[in-house]
Each structure stands twice: as C-alpha cells, then as structure tokens.
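Since chain A is already given, all that's left is putting chains B, C and D on it; use the hints.
4 protein chains.
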Amino acid sequence: MARMQKVRLGMIGGGEGAFIGAVHRNAFGLDGQYDLVCGAFSRDPGNNESTADSLGVERSRTYASWEDMLDKESALPEQQRMQVVSIVTPNHLHVPISVAAIKAGFHVFCEKPAGVGLGEVKDLQDLLHSTDRLYGLAHTYLGYPMVWQARHMVQSGMLGNIRKVFVEYPQGWLSANEETHNKQAKWRTDPSLAGGSGCMGDIGTHAFGLAEFVLDDAITALCGQLYTHIDDRQLDDDGAALIKTKKGATGVLIASQVCAGEENALKIKVYGDKGGLEWHQMEPNSVVYRPIGQPYQVFRAGLGQPGLCDEAVNRCRIPGGHPEGYLEAMANLYNDFAKAVRGDSNHTSSKANGVPGIKSGLRGMAFIDAMLASSDSDTKWETVSPVGTE
Amino acid sequence: MARMQKVRLGMIGGGEGAFIGAVHRNAFGLDGQYDLVCGAFSRDPGNNESTADSLGVERSRTYASWEDMLDKESALPEQQRMQVVSIVTPNHLHVPISVAAIKAGFHVFCEKPAGVGLGEVKDLQDLLHSTDRLYGLAHTYLGYPMVWQARHMVQSGMLGNIRKVFVEYPQGWLSANEETHNKQAKWRTDPSLAGGSGCMGDIGTHAFGLAEFVLDDAITALCGQLYTHIDDRQLDDDGAALIKTKKGATGVLIASQVCAGEENALKIKVYGDKGGLEWHQMEPNSVVYRPIGQPYQVFRAGLGQPGLCDEAVNRCRIPGGHPEGYLEAMANLYNDFAKAVRGDSNHTSSKANGVPGIKSGLRGMAFIDAMLASSDSDTKWETVSPVGTE
Amino acid sequence: MARMQKVRLGMIGGGEGAFIGAVHRNAFGLDGQYDLVCGAFSRDPGNNESTADSLGVERSRTYASWEDMLDKESALPEQQRMQVVSIVTPNHLHVPISVAAIKAGFHVFCEKPAGVGLGEVKDLQDLLHSTDRLYGLAHTYLGYPMVWQARHMVQSGMLGNIRKVFVEYPQGWLSANEETHNKQAKWRTDPSLAGGSGCMGDIGTHAFGLAEFVLDDAITALCGQLYTHIDDRQLDDDGAALIKTKKGATGVLIASQVCAGEENALKIKVYGDKGGLEWHQMEPNSVVYRPIGQPYQVFRAGLGQPGLCDEAVNRCRIPGGHPEGYLEAMANLYNDFAKAVRGDSNHTSSKANGVPGIKSGLRGMAFIDAMLASSDSDTKWETVSPVGTE
Amino acid sequence: MARMQKVRLGMIGGGEGAFIGAVHRNAFGLDGQYDLVCGAFSRDPGNNESTADSLGVERSRTYASWEDMLDKESALPEQQRMQVVSIVTPNHLHVPISVAAIKAGFHVFCEKPAGVGLGEVKDLQDLLHSTDRLYGLAHTYLGYPMVWQARHMVQSGMLGNIRKVFVEYPQGWLSANEETHNKQAKWRTDPSLAGGSGCMGDIGTHAFGLAEFVLDDAITALCGQLYTHIDDRQLDDDGAALIKTKKGATGVLIASQVCAGEENALKIKVYGDKGGLEWHQMEPNSVVYRPIGQPYQVFRAGLGQPGLCDEAVNRCRIPGGHPEGYLEAMANLYNDFAKAVRGDSNHTSSKANGVPGIKSGLRGMAFIDAMLASSDSDTKWETVSPVGTE
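Protein chains in written order, with the UniProt record's numbering: chain A, 1 to 390; chain B, 1 to 390; chain C, 1 to 390; chain D, 1 to 390.
Isolated chain A, as found in the complex (with noise of 0.2 Å):
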C-alpha cells in the first residue's frame, strides 16, 4: 500500500457565524483525510481573514471570492492545488460555483439543496455527465450506519412487502421571527437566497431523500399543503403531504419549523407485510425492528454488534456504546468521497456509492416542486359537519 495522501479541499463558505460550515471542517477532519489547503469563507474581508487564520490557512490561499478562488487555484502545480471544492454557500450559489468548479476541473461536495431549482439542477446534471468529475451532496443523515441497517432490513426482506411510510422532521427554532436578527433564520427565509421553499427545502428535503433511500423506492406522489406561521415570513416555515411510493406503498411527510421546543427530531417508521422498522435522528445507534409474532428487537450501531449489514459496520468507529452522532454521519459521506477522489473505488457521479450525488439533488427539486404545486392548487378539503360541537 502506498502512502495515504490527504485529499486537498478548498472551502467556498463557511465564515464566522455560518453554521454548516464548521460542522463539514468538523467532519471532513475526523479520519484524517483531508487538509483544507484553501477558501474563500466570506465576502467580508475582515471575517475571510479571520476565520482563514483560526483555521490555519494560509493567506496566500486564503480568496476574496470564489470565483478568485477556482481562478488561481487552477493555475497552481498539481501535485499542490486544491483537489475538492467544498461548497457551503447559502442555496442560491450552490449551482453556480459547482458548474464553475467542475469546469475548472475540481470535484465538489456540496451541502445540500443541490440548487434552488429543478432547470439548474439538470443542467448541473448534464455537465456532470460529460466530465469525470466527482459530485457530492450532504445528504448527512445518509450518512448514519443505522439508516443503512433500516435500508438494508427493507431489502432484504426483513418487513416483507412495503405498505407504509411515515417519515416527519420536526423543529421548533423557527417559530417566533428569528430572521431579523439570526444569520441563520435571514437567508433561510430569504426567496432569493433559498429558493421557493424555505422549510422544505429546508428539511422537507432530508425527510424525503431519507424516505426514498430506506425504502430503495421513489415517492411518486403527493398531496400536500405548506403554511407560513410568521407575519412578513416570505417562505413555507410548515408542512404536511400525504405520499405514494412507485413500488405501491403510502404514507405521510411531515416537516414544519415552527414545532416549538422541537430539536431537530428526524424520524422514520416504516412498515410492511412481515414487520415494521423505526429510526430516530436524535437516537441515532438504534433501529427498532418489529417482527410480526416476535418481542421487538433493537439494533444496535458500532463494531462488533449483533445483526448489522456490511454498511452499517463499515460507517462505525468505535464498539457499540460509545455513541457516533452527526459529525461521524457527515464525515462518513466525506470519507466515501475521499476514496473515489483517490481511485480507490469506481465511485462516480452518476453512480450513488455511499455518498449522494446528483440525483439525489434532483429528487429534492422535483419532491419541492411538487409540493409547491400541491400546495397551491384547488383543495380538495372535505368539510367535517359541526355537528356535536354547538
């Protein structure tokens, strides 16, 4: 075996106050697999500056916009420029950069909504399919062992026939007017930063891919309405769709921000002829599986446990007990990535091999359109009589 070479990232993203951008750093840092050789983390100089100091890199390489970045990271030698752009931009610039980028020759790994539109996202789509160039969607919640062993259990028959899906994604930290003075809440709620969804397309989005990717099916169809709860809020902050798979199965999504106190309570529960399963994000280690006829089982994360599928093992640390959470998910995925940037798999864009890649950020265009469109179409509200309650 050769010396492991640490895969070179530049970050576009993720200055001072962001969010999303410490949790990759935290993540693309775990396994040792990468070194961030270069951002360009804001368009504030001041904070660009900072947040490149508190990181360690240098000011050589540290740019004062993406476009500068790609620019002159191109221009250097090889064996020293920056391998992955890591994309962690508010929604809007998510397809730009990334087209830019795969033009210029980088790979990406880009947090998620793939774009803000179904149009972008295609076209992103067809670019990736003329290069070799690798593309990777933060879809972090597939990235957790135990949304593999939940996957697994449905294809291998372990629930039987799939009738019933109800996934929901409650939060709460929306629910009074955060976005006049939070970062966060601002462009989350902005159209022309977030696109036309904000709490879809937000989480409505992880609930969906999370439902599809357990199910190993496609969610058809749906019948959906979005409210906003906030005076002046421009985006859905709220949601609710009935659903129907391909393969026949229904079921509900729920996904709503403005469920006070609510954390970030990710939840799955699926069920079919055999058997049922459970998994929660906030639990993340355990699956609950219900066999028909037998005391119900809990699965457990981490080496060496009991009845966990290849994909599951390979996405643990540590033995069972000692908890892996959210960070380990992300850096899971950027793991994969880094094994297919190196050529150590035949990991490639239009093929799904651990991480999320384009379809994936298709499937969240399509699932936002549709419900949008749903939700703005003529109801087919069915009065109930207020009988009994004069």
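Check before you lean on any hint, since a few could be wrong.
Here are the simulated lysine-lysine pairs, BS3-like style, with alpha carbons at most 25 Å apart [as the list claims (entries may be wrong)]:
1. K380/A x K247/B
2. K339/D x K274/C
3. K267/B x K267/A
It is worth saying that the hints were derived from the structure and are not from the lab.
Frame of chain A; chains B, C and D shown alone:
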C-alpha cells in the same frame, strides 16, 4: 353523608370471547361503585349462561336477549332493578339498544362509536334531549389524567396560540387476514356490524376525539385517503388525513391497523407559539412539555405530583411512580358516570362533565363521514417528477 | 360450572387518610371477585363510620375495633360472615391481627411486612402450619406479569448461569422532614409502629423479595450500611448492601427514600453467562432481554403478545399496548387468593401458589435483621439466616 | 490573531488491531487542531509501516520503537519536531513513556490509566512538578458537555447538599473467555500489561473519576468486593463497592465486564436535599434534573440550548438535536490540550483546566489500590488515600 349505594348495572354483550366487555367489567369494578346485577351477554344461550355464572350474575337476571332484559328489568321494583345499561355489542346495535334503554327509563353507558351513521346518532341525541336520562360514551382515552393535563396546558395558555396538531394511532393486529379466525377481527371488518368504516371507525375516531379534546377545538376540514391492504377485506384498515381546526390550527391525523408490530400506539403532539406538548397512550402517565427557551419538562401523573391541574389529580388514585393504565382510564369515566347517576353532580347527557356523551358520538360520526367522502372524492394528487430515479 | 360466589372480605385499617387501604380496595374490586362486607377502618369513630359510608359498608358491620370485628363476624352465619380479613394497618399490628384472625377461623391477606420482628413472624408461621387457613402477603410487585416473565427467563435458562443481580428501589418522598405533617411518613418513621427499620422495612424488603423471586434463589449474605439523613428521624431512610446468593450470584441492593425527585423507581437487572434482563416497575409492561450475540429484545405484556410464559399471560387482562399497572399487579394477588379461598386451586399457606405467603414474610424479616446487624457491626459479611428458604 | 498553527503530534501505539489509538486519531482530527507528524505504532515492523502508510505518516518519521522516536524527534528542528506525544499503548508502558517523553521535552497526552501503580504515578507527578511540560490524561467521559453541566448543577447548588451518589459501569464484552482470541481482551486481562486490576483498572477508574468530577468531591472510603468469573482469567472482571465522600455523601460504585448484553452503559445519579440528577453515557446529550416539588426537567446539549453552563456550551459544536458523541468528548480534551500547548490558556499540568491531568491519574491508582485491599481484607471500610486531592 349517607351510605354510598352501589349503582346497579346491567350489561348487554360481553360474553366469553369478547374483548371489550371484560374491559368494562374491570373498569366499573375497580372503584367499587357498581354492582353488576343482570346481563344479556350473548345470543348463544350456553355462552350467556356460563358468562353469567362466571361473573356471579343470578340466572334469574340472566336474559336471553337485550329486549328481554329491558322488558323484565323495567318490571322490577325500583330499588332492585338496574339503573344503568352498559352496551358492549358490535357497533350496529349501539343505537337501537341505546334508544330502547333510554325509552325504558335506563341510563346508558355505551362502548364507542355511538352508532353506525350520523343520522341514527342524531336521532339518539334528539331522544336524549327529551329525557333526563344520562348517556356516556366510552372514549376511554379521555379518562386518562394526563390527557386532562394536556388539555389544561392548552386551555391555560402554556402553549400559547395553537398552530399544529399531530395525532397518530398505529396498530398492527390486522396486518394479515385475521377475520377468518379472530372474532374481534371478524365483526370489525364487516360493514353490516361495524358500519361504513373499519379502521377509522374503530380507532380513527379515538384519534379524532383525542385531538378535539386536547385542543378544546373542532376539526372542521380534512383531506384524507383510506386504504385496504388485505384481499377481500371489506373496510378500510388504514388511512391518514391533513386536518384543519376551527381556531386555525392544522395538522395530520393517522390511523392504521396494518402497522406491523405496533401494539396500540396512540400519540398526540401539539405545538403553539409558546411551546409544545406530547402524550403517548402506551406511557400514559407522562406529558412532555416543551416551553420555548427552557429545558423540556415532564409532568407525571399521581397523587402529590407537582404541576397537575385538578382534573388530572382527580383522576389519579395512587402516588406517582405507581403506574395506572388503561383500565383506570375507563374506570374514571365510569366513576364520573356513577356520580351523575346518583345526582352527586350536575352531569347531564347534554353537558360533558367528565364523561364523553352524545356530542362526542356525533363528532365521531361526522369524522367518519368526512373521511369516507374525502377518500372517495377526486384526488388532487400532485405528481412528483421521476427525475433522478432513472 | 356453578355460579361464582364473591369472596366476602372484611378490612382492618384503611380509613380516610390512609394510603394502602384504598389500593387494596381497588385491587380486590378490579376483577369482581370480592365483596367488602365489613370493616374496622379506623380507631377514630368518625373516620371509621364515614369510611364505611363512602364504601357502602353497612353500619351494622362497621366495627369499632378489629377485636370487635373478629368477634362479631365469627358469630354470624357461615354464609354471611366474612371469609377473608384484609389487614392494612401500620406494621406493628400485622402479626397480632393475623394471629387472632386465623385463630378465629378467617383467611388473612396482609399488607407487607408480615410483622415487625422475625420471632413473631415465626410464631405466625407455626400457627399457620397447624391450621388450613390461608395467608397471603401483599408483595405487590410479584403480581406483575413481567416479573413472572423475568423469573421464567431465569428459570428456563435464557440467561444461562446467573452471575450478577442489581436491584434498586429509589424513592424521594422522605427527602425532607415529612413526618411532622404527613400521616404516612409519621408512622413509617416511628419504631413503635413500623419496626426496627424504616426504609429497609418499607421498601428494601420489596427489592429483596423481588430479587429472590426473579432469581428463584436465596440471598445468603450481605454487607451493608444504613443511613438516616433527617434530623430527629428515628429510623433509616436509606441504605445499600453488597449481596450474595445461595447459587453463587453476587450483586448490589439499594433502597432509599431520600433520592430527591424519584417516584417509585424499583428496577432489577440480572446477568448470566448467556444474557441479561432488565425490568422497571415504572414501565412494568416490558422486560428487556439481552442475549449475547443478538440484538436486544423487548418482551411486552398483554394478551396475544409473543414470547410470554403462561404465568405472565395469566396475569394480563387486555391486549398489548393497553397499559396495566400497579393496581392490576395487586389485583393479580387477590385473584389468586380468591381462587385458593374457593378451593379452585391447591393453594395453601405453606405453598407459594401465585400469592406470596408467610415464607416471603420471613425472608423480609431475615433481610431487615441482617441489614441492621451489618450496618451496626464491624464485620464485613453478615449472614442472612436461611430461615424461610427450606 | 495570528494564523493558527496545528500542534504537531506523534503517536506511540495504535497500530492496526488496536482500538483506542484510532479513537485518539478521530478525536484529535475532529477539530483540525493537530497534525500527526510521526509515530511508533507497533513493535511489529509490518504493522508499524502499514499503519503509518494508511495514516499518511512519512516513513522517515515512522519509528521502530518509542525510544527511537523520542530520540530522533528531539534532534529535529524546533519548528518541525513533534510537540505532543500521544500514548496509546497497554497500561504498563504509560509511565515509562511519559517519563521519557517529558524528560525529552515533549508534552504528553496519555490514555488512561496513568500507570500500573501508585508509586510510579507519584514519581511521574514529581517529575511534572519539576518541568513546565503538560500532561493530559484521557478520562474521555470528562469531555462530555453534559458531564460538565451535571457538575455545574452540583456546584451551583441546584441539588442542595449532596447526600447520595450511584455510579455504575456495566459492560458485557468479557462475559466469555475472549482473551484467547481478542487482542484487546488479551492484554487487559494480563497483569503484566494491565496492572493489578482488570475491570476496576479499565473501567472502574472511569466510574470513580466521573463520580469525583461531578460531585466535585473526593471518595474517601469504600467497602468493596472484586470477582473473576472466567476460568483462568487472572484479573477481576467485575466488582462493586459502597463508597463515602469527603463532604459526607455516600453511595455505590459498580463496574463489571460480565454484564452480558450491556454495551458501555456508564451512568451516574446524584441526589441532594433539593433535587437529583441523572446522566447516561449512552445517551450523553441529556441530563435529567429532578428538583423537589417540580416536574422533572431534561437539559439538552447543543449550541443555543437553554439552561446550559458555559463549560457545557463550550464543549458543543452544533445546535441541539444533532447528536454529538464519544469521539467529540475526547476531542474536547484534545482541544483544551492544544490550547494549553499553544499557551492560549494558563493550563498547566498541576492545574486541571479542562483536561484531566496527573491528579486524575493518582486518584485512579488510589481507587484501584483501595478496591484491591478492600476485596482482599476482612476490614469493612478501606480508606482511600487522599493523595491527589489536596
């Protein structure tokens, strides 16, 4: 204080092999407020008599039919004859027996649903308005102390203005074709006995009633879909709906009997602009309260427990940590009903006073009708683009 | 089958303001097996009469003293007089009343502990050996179905050879000086009424009895320490011990009434060389089973639930997911006792047959003596008398 | 602010097949504060080199022995040579390497325990007092934010005067004879490598250290017993002790590696005269707080979460609901250590400043000695030396 006189009760239905009759007997026995003095437990003479024997009911007051029972009991001296009829038959008999019993001068405590159609239940309501006879409906979950506590939290403003409600009632016991061999499954899936809906009539009404009770609000519209998963099953076994309330909350209602492996997992979550709450029937002695800006709190049932409203305390028998359950919840309904029968309170059939009454029955009927209508109507299903799935 | 005859029961103690009397009344009422026909509820005439009134007991059979009750009931015709005396007084009266009742020809069902000293309980045992009267002891936790399931798992070898047992019973209600104003606290901390130990006598005996029952083994030695945390409190309110069993298991027993904020958190964990199990009284319908090399499993109480032994199923009334609790557990003891009284089974006082009897009483006394001796001594391991285990 | 310079770290131990070395690498990688510049990973040359290759360590700085590494690194220019030695060998080498490293001018971050005997650890302490080199000890659990929160609750009086502490650390992985085939089990049960205690040295010290840390108190006496359950196993695999603290609290400490089916279930419960708290390592992001007279509360880890002390917040990276785990806890220790190395804080080896140091090491040794003595003796209470508490 005069010596407590036990309320004399007669039961219709509840022979050997039935489920809910035994539950009612446990419930009215628990607090020593009732004497079971007579019964028409089964149309099958052998079952009827052996049930009576096992319960210690005298043969002379064991009747071959409910018609016979109403008739003969009416003829007994006032101090001897039954005061309350407890109806635990299949649904289609609920109204006919209730009407006959009330006309014969008896109070009625009826297993839910009130009937099999809105029309007949309205007629029953009209009848009740014309008498002073009492009518109680076994919406058992409304007997739980912590359901009252949850309602109190909503009413007292601890959650602020209510925005969202999510109520779900997953069971798994009808995941396969049970109706060929399970008596309970058989009549519950037979439209001539159960009414026009299976799952929604059986447990959806519980979810609906719980939501309206906790919210102290009326669900005014819904958009839902019903499903039947077993070949030859004649009624729905699963469904879900988006819902809206009179006061402006929105949410989701789910009820299913094909959630493989689930026992009886009724749950409700409510969110307002100041906080949220959560209650699970399978762990009924806790209400989780999530006020914005504070650690979440768990209110616990039991005598001497902090933070409980009077309505909750009055429904507890023992100090916290000694779990009370489902039978105690139903016993709370029977207790309140006994007080009303004795005139200890101003309970009347037209005034919910701890015991759900005919109005709850009407609400359930209205819900079933709306679900059936919504499910049968033209859908507004929005297609999710297949993009990314190829 | 002959018509079931309710067992005629008289209660001593349990006047207004008492706790455990009401619990017993709920418990024997639940299944309709008993009629409360008489009582001596309180030495205070007013309390005695108002209690009788509220329970519907006739004045003619409401007695001023327990001596009077035994006397007068004995004189009644056999088909009328009480059959069972339920004793729910403070501890110091348990033996005197039990002895007198048995001599007068009544069966006895007594709140635990059996007495306040090993000597008097031995004398009671001798008396029981000379009669055919039945004696039941309210070790309520041994009425839980899942405690029987846990015992079954041990007995059937699902855990292999047992190595470890940890039992803990933390309560918080005596964290402050309650005895000045709380009647329950007052007598429980008074040596003349409660006996030589407070916490260990009151709840330590439950933990001890639970451990011996689940293990089907005897605790033979302990090394413990008792503490009293409140000024002027005369008895222990807290303690712990290392323990050893006859079959060679070791472990820890903890009981405390100063664990601030704890309700009634009795728990047991057992580990063998093939697996472990865990049961919590506050969530009594589950037993966690952890077989080596498999995902852990949760066995759930209820009719129709998978994996339960007969002894567990026989103690459930309703299907899984409808929680049964503490009152149901005690009701299970009363039910088995009623069967024995009627001669439905071969239950005798010298043979544990679903209801803990005098041997359980002796074990509790032996435990208290050993704890007091160990705590007072300099010796490390104090032998627990094998009395009651032969 | 100057550009952050990564701390240059060398690792001793942690070759392929080891467990804790990889954990340390995840931990120091997570926050990007360290560069792994050299290592002596294994005495086996093949393992050593392949480990180095897989980690990207240059062959020129991959050393055949730790002696060689200290020697050759000392000779490198100051800006190039390692600054910190991370020691992840079996226990018997901890002190020899620490001493040599400090004498060679390096800072030391050592896996626990500090050594295999109190004497050698005292000598190490003496050495540290004579230098300005830093010494950190990987008591990983003390890096969890909610452990700091628990300590804060105690220190700030939220529990009042502390009465009781119960700490337990059950594992199940040594329930059978693993030492014949499992490298981790092999050295941990070999006295020449692990020291005089197995389970107590390995995990009992964690339980002990956690209790002292949360209580901010010293355990002064214990009365305990050790057990060995597997034939031919040379060290204890299980034990428990009654404990007393300097400030007057009492309680129980349990540690076992034969609790079949348990993963890594370290828990602590503390009770004072105003309330109690509870923390579980396997659900590390919550502390349950039970104030007398109020519903119990759950404090949750994460940025922006209510009620957290600064020490807890400073150890969180992401908002509540995104679980952080065991690796993050150890990373918190490495981060604080990096700050101290850079002189960002006034951390010194003699002053606990976020990172457990040599005093924690001494406490662990004192605990092991007391447990061994108590278990071997006939005396009831064995004094725990106050060494390290001044």
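Evaluated hints:
1. K380/A x K247/B: holds (20 Å)
2. K339/D x K274/C: Violated. K339/D to K274/C sits at ~47 Å, over the 25 Å cutoff.
3. K267/B x K267/A: holds (14 Å)
Hint 2 alone, counting from the list given before, is not met by this structure.
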